[in-house]
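*Asks:* The residues making up each chain are set out below.
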Amino acid sequence: EDQVTQSPEALRLQEGESSSLNCSYTVSGLRGLFWYRQDPGKGPEFLFTLYSAGEEKEKERLKATLTKKESFLHITAPKPEDSATYLCAVRGDNFNKFYFGSGTKLNVKP
Amino acid sequence: NAGVTQTPKFQVLKTGQSMTLQCAQDMNHEYMSWYRQDPGMGLRLIHYSVGAGITDQGEVPNGYNVSRSTTEDFPLRLLSAAPSQTSVYFCASSYSGSDIQYFGAGTRLSVL
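Protein sequence lines, in the order shown, are assigned to chains S and D.
In this text, residue positions in the first sequence follow our numbering: the first is 516, and each later residue adds one.
In this text, residue positions in the second sequence follow our numbering: the first is 2, and each later residue adds one.
Please note that the accuracy of each hint is not assured.
[Stated by the list, open to error] Here are some, though not all, of the chain D residues that point toward chain S, as calculated from beta-carbon distances under 8 Å:
no., residue
1, I55
2, F91
3, G98
4, D100
5, I101
6, F104
7, G107
8, L110
9, L113
[What the hints assert, rightly or not] Straight-line alpha carbon distances no greater than 27 Å define the calculated DSS-like cross-link-like pairs of lysine-lysine that follow:
no., chain 1, residue 1, chain 2, residue 2
10, S, K557, D, K15
11, D, K10, S, K612
12, S, K620, D, K10
13, S, K572, S, K624
14, S, K624, S, K574
I should point out that these hints are in silico values taken from the structure, not numbers from a laboratory.
Every value quoted in this text rests on a predicted model; they were computed, and no experiment measured them.
Virtual Cβ for every residue (Gly too), placed ideally from N, Cα, C.
So here's chain S without its partners, still in its complex pose (with noise of 0.2 Å):
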């Protein structure tokens, strides 16, 4: 069965203070694996893809990597705007159906 699972659950972290999030995933055949924030009150915005092991994507202060198992995303020196949900999702055989972890709210404060 596909699925996806983040981790922290929540981090909070000091302005300028660098950290990763975790997602960890078993998929049938990966056929993308997705970034996306989530501001509250908000849908969800999509951030990255990441399709095979060792690639890697950068936007501003965001990083994100993949391994065979897992991606992470890196977050550099971040704002008080960088404050939100990440999301992460895969898509697998069933090229239609995707597939999200609970997501990790994070907090950074001034």
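Starting from the known structure of chain S, fit chain D onto it as the hints suggest.
*Replies:* Chain D in isolation, oriented as in the chain S frame:
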């Protein structure tokens, strides 16, 4: 740019009532989907559609019906609401095979 529009934003139902959650997109996307989001459980796929006239079940389809008569609209129907359907519902759309799903702002539903 409207993107994905969901209505209503909030709804309170009594057990056994029926209602339709509306979702419309103006990007000519073939793929549309419905998710529910519950605390600690993340987003779970309810139903999806790859084009007008084509729908399929997701992870948690029981208690929900969908149809897709146009490219733009993908309504979600609750025929007999139950308290277990209290949740936040999100609609999403994308080009067929695309990585990027565009989400609406959500409908917060309470079933009493």
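*Asks:* Give a verdict on every hint.
*Replies:* Hints and how they fare:
Violation of the interface hint for D/I55 is found here, the shortest Cβ-Cβ separation to chain S being roughly 10 Å, above the 8 Å cut-off. Proximity of D/F91 to chain S holds as hinted, the smallest CB-CB distance being about 5 Å (cut-off 8 Å). With a cut of 8 Å, the hint placing D/G98 at the interface with chain S holds, because the nearest CB-to-CB distance is about 7 Å. A cut of 8 Å between beta carbons decides the hint on D/D100: the least distance to chain S is about 4 Å, and the hint holds.
Because the beta carbon of D/I101 sits about 5 Å from the nearest beta carbon in chain S, less than 8 Å, this interface hint is met. Taking 8 Å as the C-beta contact cut-off toward chain S, the hint placing D/F104 at the interface holds, the least distance being around 3 Å. Here the hint on D/G107 is kept, as its CB sits about 6 Å from the closest CB of chain S, short of 8 Å. Contact between D/L110 and chain S, as hinted, is not supported at the beta carbon level, the nearest pair being about 15 Å apart and thus beyond 8 Å.
The beta carbon of D/L113 comes no nearer than 22 Å to any beta carbon in chain S, farther than 8 Å, and the hint placing it at the interface is violated. Taking the CA atoms of S/K557 and D/K15, the gap is near 25 Å; set against the 27 Å cutoff, the hint holds. Between D/K10 and S/K612 the alpha-carbon distance is near 25 Å, which keeps this suggested pair within the 27 Å criterion. Note on S/K620 and D/K10: the hinted pairing holds, with a Cα-Cα distance of about 23 Å set against a maximum of 27 Å.
Distance check on the hinted pair: S/K572 and S/K624 sit about 25 Å apart at the alpha-carbon level, within 27 Å; holds. Restraint check for S/K624 and S/K574: the C-alpha separation of about 21 Å stays at or below 27 Å, so the hint holds.
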